[in-house]
Amino acid sequence: MEKKKAGAAGFFCGVLNGLFGSGGGMVIVPAFQKSGLSTKEAHATSVFTTAALSAVSVVLTLSKGPIAFGDVLPFLPGGILGSFLAARFFKKIPAGFLKKLFGALLIFFSLRTLLGGAR
Amino acid sequence: MMGLLVGLFAGALGALGVGGGGVLLLYLTAVGTEPENARGINLVFFLFTAAVSLLFHGKNGFIRWETAKTAVFWGVPGALFGFFLGAFLPKETLRLAFSLFLLFLGFREFFGKSEKNR
Chain A
1 MEKKKAGAAG FFCGVLNGLF GSGGGMVIVP AFQKSGLSTK EAHATSVFTT AALSAVSVVL
61 TLSKGPIAFG DVLPFLPGGI LGSFLAARFF KKIPAGFLKK LFGALLIFFS LRTLLGGAR
Chain B
120 MMGLLVGLFA GALGALGVGG GGVLLLYLTA VGTEPENARG INLVFFLFTA AVSLLFHGKN
180 GFIRWETAKT AVFWGVPGAL FGFFLGAFLP KETLRLAFSL FLLFLGFREF FGKSEKNR
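If you read the sequences in order, they're chains A and B.
Numbered continuously in our numbering, the first sequence closes out at residue 119.
Numbered continuously in our numbering, the second sequence closes out at residue 237.
Think of the hints as simulated: they come from the structure by calculation, not from any bench.
The C-beta atom is built at its ideal place from N, Cα and C for all residues, glycine as well.
There may be inaccurate statements among the hints.
What the hints assert, rightly or not - EDC-like mimics (lysine to aspartate or glutamate), calculated; alpha carbons at most 20 angstroms apart, straight line:
#, chain 1, residue 1, chain 2, residue 2
1, A, Lys34, B, Glu185
2, B, Lys188, B, Glu153
3, A, Lys4, B, Glu185
4, B, Lys210, B, Glu153
5, A, Lys64, B, Glu185
6, A, Lys100, B, Glu185
7, A, Lys5, B, Glu185
8, A, Lys3, B, Glu185
Unchecked claim - Chain A stretches covered by chain B per the calculated footprint, using a threshold of three residues with CB under 8 angstroms from any CB of chain B:
#, region
9, 54-60
10, 64-75
11, 78-87
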């Protein structure tokens, strides 16, 4: 039963990732928790899952045209540092805080899209 | 400088699995990047930063490999499906529906009870 849930969550996450390029990870965290993972396990496992699926998306995107790798460079030093610090202290972060942060970001991003993201 | 700060923030959030991708996408859109380019940049960025964080998550035992394997196994066809679907479906309608769903999820996460710390 849990395998089915994880598989379904993965599929849905993949669809979102392929369709929008992001957002898949957000759906998968609650789905993983329903499958029995703790909050932290759900978040950490979702990073792995999203990364794997993002790799697939990158390959698909490249098939349509080049990605401006040079544009990624300015963000990488900060990104790697931020990722390193967050992961290093992940153990110490309270699960409740993680949940609230996640919820707040979901609300923020969805409201932004709903209220004014039109280009 | 901005790039460094945005990267820092997005990288940290990405590592926590709470949606860091949105931060970078927002910034790229704000400075005028084309959506298709922004998507690609965000994907690559995440791959690099996720790799770093996964070293720790794996070492600390927070990744449930069985769950991850199943999710990825089904996620790959999902990604292919979603990618090609994007060519046919009205993305804006989907995005609207999806945003509403995320909003609902967000409230649930934010206001819901969390389990005791592990």
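Output the indices of the hints that this structure fails to meet, ascending. 2, 5, 6
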